[in-house]
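Starting from the known structure of chain Y, arrange chain C on it as the hints suggest.
So the chains spell out like this:
Number of protein chains: 2
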Amino acid sequence: MPARLKDVASRAGVSIKTVSNVVNGYVHVAPETRAKVQAAIDALGYVPNPTARRLRGGGTGVIALAVPELRSPYFAELAGLIVRAAEPRGWTVLIEQTDGRAERERDLVSGLRRHSIDGLILSPAGLDATEVLTGGLPTVLLGERMWDGPADHVAVDGAAAAADATRHLLRLGRWRIAAIGAPDRPTAVTRTQRLAGFRAAMAGSGLAVDPRLVVPVSGMHRADGAAAMARLLDQVEQPPDAIFCFTDPLALGAIRTCADRGLDVPGDVAVIGFDGIEEGRYSTPSLSTIAPNTGRIAQFAVDLLAERLGGGVSAAVPPRAICVEHRLLARESTLGRLR
Amino acid sequence: MPARLKDVASRAGVSIKTVSNVVNGYVHVAPETRAKVQAAIDALGYVPNPTARRLRGGGTGVIALAVPELRSPYFAELAGLIVRAAEPRGWTVLIEQTDGRAERERDLVSGLRRHSIDGLILSPAGLDATEVLTGGLPTVLLGERMWDGPADHVAVDGAAAAADATRHLLRLGRWRIAAIGAPDRPTAVTRTQRLAGFRAAMAGSGLAVDPRLVVPVSGMHRADGAAAMARLLDQVEQPPDAIFCFTDPLALGAIRTCADRGLDVPGDVAVIGFDGIEEGRYSTPSLSTIAPNTGRIAQFAVDLLAERLGGGVSAAVPPRAICVEHRLLARESTLGRLR
Numbered sequence: 001m002p003a004r005l006k007d008v009a010s011r012a013g014v015s016i017k018t019v020s021n022v023v024n025g026y027v028h029v030a031p032e033t034r035a036k037v038q039a040a041i042d043a044l045g046y047v048p049n050p051t052a053r054r055l056r057g058g059g060t061g062v063i064a065l066a067v068p069e070l071r072s073p074y075f076a077e078l079a080g081l082i083v084r085a086a087e088p089r090g091w092t093v094l095i096e097q098t099d100g101r102a103e104r105e106r107d108l109v110s111g112l113r114r115h116s117i118d119g120l121i122l123s124p125a126g127l128d129a130t131e132v133l134t135g136g137l138p139t140v141l142l143g144e145r146m147w148d149g150p151a152d153h154v155a156v157d158g159a160a161a162a163a164d165a166t167r168h169l170l171r172l173g174r175w176r177i178a179a180i181g182a183p184d185r186p187t188a189v190t191r192t193q194r195l196a197g198f199r200a201a202m203a204g205s206g207l208a209v210d211p212r213l214v215v216p217v218s219g220m221h222r223a224d225g226a227a228a229m230a231r232l233l234d235q236v237e238q239p240p241d242a243i244f245c246f247t248d249p250l251a252l253g254a255i256r257t258c259a260d261r262g263l264d265v266p267g268d269v270a271v272i273g274f275d276g277i278e279e280g281r282y283s284t285p286s287l288s289t290i291a292p293n294t295g296r297i298a299q300f301a302v303d304l305l306a307e308r309l310g311g312g313v314s315a316a317v318p319p320r321a322i323c324v325e326h327r328l329l330a331r332e333s334t335l336g337r338l339r
Numbered sequence: 001m002p003a004r005l006k007d008v009a010s011r012a013g014v015s016i017k018t019v020s021n022v023v024n025g026y027v028h029v030a031p032e033t034r035a036k037v038q039a040a041i042d043a044l045g046y047v048p049n050p051t052a053r054r055l056r057g058g059g060t061g062v063i064a065l066a067v068p069e070l071r072s073p074y075f076a077e078l079a080g081l082i083v084r085a086a087e088p089r090g091w092t093v094l095i096e097q098t099d100g101r102a103e104r105e106r107d108l109v110s111g112l113r114r115h116s117i118d119g120l121i122l123s124p125a126g127l128d129a130t131e132v133l134t135g136g137l138p139t140v141l142l143g144e145r146m147w148d149g150p151a152d153h154v155a156v157d158g159a160a161a162a163a164d165a166t167r168h169l170l171r172l173g174r175w176r177i178a179a180i181g182a183p184d185r186p187t188a189v190t191r192t193q194r195l196a197g198f199r200a201a202m203a204g205s206g207l208a209v210d211p212r213l214v215v216p217v218s219g220m221h222r223a224d225g226a227a228a229m230a231r232l233l234d235q236v237e238q239p240p241d242a243i244f245c246f247t248d249p250l251a252l253g254a255i256r257t258c259a260d261r262g263l264d265v266p267g268d269v270a271v272i273g274f275d276g277i278e279e280g281r282y283s284t285p286s287l288s289t290i291a292p293n294t295g296r297i298a299q300f301a302v303d304l305l306a307e308r309l310g311g312g313v314s315a316a317v318p319p320r321a322i323c324v325e326h327r328l329l330a331r332e333s334t335l336g337r338l339r
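Here the protein sequences line up with chains Y and C, keeping their order.
For the first sequence, the UniProt record's numbering gives the first residue as 1, with consecutive numbering after it.
For the second sequence, the UniProt record's numbering gives the first residue as 1, with consecutive numbering after it.
Looking at chain Y on its own, in the form it has when it is part of the complex:
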């Protein structure tokens, strides 16, 4: 007969609750107690039974975080923040890379793994709003997608943020402004929103947008930004005097191409990105950017999920949407060297 929780408690000389705390990974267990319980678990070959735990209402203590790709510093940094935000609750966060593929996101939200995870934080890149959440796994969505969506949602106002970036360039007296990162397909909602914000700010200043200065990309990485900048420079006689790049890696790639072509940043071309990743603080020139408050995104995501899991909010409460603020970080790539 397999060992039960109370066998472990009895052997370790602690309460069942203490064993449960260790098994669930809660942090407030003294190291020596944890070691004693672990020794008893090892000796008895005890394996926690997730189904039994769920029936007792304890949950697995494990949530999943699904992001399109960890190679993107924004998602890698956000993942780290969510792990930290979940720690005081004693949650383990398992991170999954979806590559933005609809079928992987579908597998997650369909609840196929609901025996091993309690809830899901998902940054969708492939699924349509209508497809999300048929499986009943408590889920919080991240990103600009799915306002009025089917689940709790923490988002940034991408259009407003993009307009802020563009207005920063306009205030510096730049008029011939390019945008790198336009969508290459209609489902790229994040980029569509940022492009709308760019256009709105330009229109607000009475400026027409030269269509040759709006450059679509198929990826959001440094290499995509470097290639897009090269394409842009090849197809216009006169370079733009400023560029709004829809992610920081795109901006860092574009700046690299400027250096290779002998263009001074920001003397010839001012460049601003969008993400607020750490890399931009240390690059040369340091990168002006729009920084969503990622610490707060992480905290809200965990808190909203905890309310659903802990019953603090009933399942009947309709999906909540929280918009997190962003900041303009003006640095050397638009302002020049600060001495």
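Think of the hints as simulated: they come from the structure by calculation, not from any bench.
Just to be clear, a hint being listed does not mean it is correct.
No copy is singled out in the list; a pair is fine if it fits within one copy or between any two copies.
Taking lysine to any residue and the SDA-like style, the derived pairs with C-alpha atoms no more than 25 Å apart in a straight line are [what the hints assert, rightly or not]:
{"hint": "1", "residue 1": "6", "residue 2": "136"}
{"hint": "2", "residue 1": "6", "residue 2": "44"}
{"hint": "3", "residue 1": "36", "residue 2": "173"}
{"hint": "4", "residue 1": "36", "residue 2": "11"}
{"hint": "5", "residue 1": "17", "residue 2": "116"}
{"hint": "6", "residue 1": "6", "residue 2": "115"}
Source: prediction; values computed, not measured.
Coordinates of chain C only, in the frame set by chain Y:
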């Protein structure tokens, strides 16, 4: 009575094996078949029973990857590669951030979650070799740690790679070479190995190492590199003419401090890092670095684990250790602008 696999198969009009392939996330299932099975799963509320699946020897199709931190681009990029390498096997990879804490690594290797994962790829930062692998969960270790360790192991020869970085600086005629990233505690094995390689290369050229030019750090990020470089410059009359930084982020931080202090890289100070992260290809100056073959690390890690899981290698086969090659990428931060 809960729905069973064969109920799903019958409703979808497919074989039990096909349902099993969908549930296990195998990739070679036609999209329309997958959709049919998914519809049947949804309609019947079928939940796969992991215990039953394990009893049938099928495993969960899920492995865990544990890395110290995703904020580190090296680990974020490596995680992405491991997810890709696992894909042809139909595995789902769940990623966990341990923050290098021994207790989190212990929880993982102790097999407490063996009901929901089949195996583990672990980059240990907190545990001692003697502590690893009491739980019997098939595990592959990554990193420089634990040669002759208790499990299969994919590693880089950190000392040899550090010596290569140092010799590159020596070949450029630099003699007054600093090292940023020395260990601040004896358990920091990776850094201890890199420091040993640095010292060996210096000694091999008959050069003494000025102890003030060996700078310990408590973290390996850009901010740590920037602060270490500032400390270094403050405590010597004459700056070093070259620096070997033990990670790329340390190097990028150090280069930023050089820019702030009016030092030209590489004119005044040549800088080389260690990681081969994408960021260094696009930085200005682009970053010379030691690049472990991370694609091969990812492939070996998955292959070794697959052999243990699939029974291709019996449990009686002692731990195997594979050393993956590295390359010196000489770029602008040591060679200057290439035109």
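Against the structure, the hints:
1. Proximity of residue 6 to residue 136 under the C-alpha cut-off of 25 Å is restricted to the inter-copy arrangement: shortest distance 23 Å between copies versus 32 Å within a copy.
2. Within a single copy, residue 6 and residue 44 get their C-alpha atoms as close as 11 Å, which meets the 25 Å cut-off; across copies the closest is 35 Å, which misses it.
3. Taking CA atoms no more than 25 Å apart as the test, residue 36 paired with residue 173 passes in neither setting, with 67 Å inside one copy and 57 Å between copies.
4. Proximity of residue 36 to residue 11 under the C-alpha cut-off of 25 Å is restricted to the intra-copy arrangement: shortest distance 9 Å within a copy versus 50 Å between copies.
5. When the C-alpha separation of residue 17 and residue 116 is checked against a cutoff of 25 Å, the pair qualifies both within a copy, at 21 Å, and between copies, at 22 Å.
6. Proximity of residue 6 and residue 115 under a CA criterion of 25 Å is satisfied in both settings, with 22 Å inside one chain copy and 19 Å between copies.
Hint 3 from the earlier list is the only one contradicted by this structure; the remaining hints agree with it.
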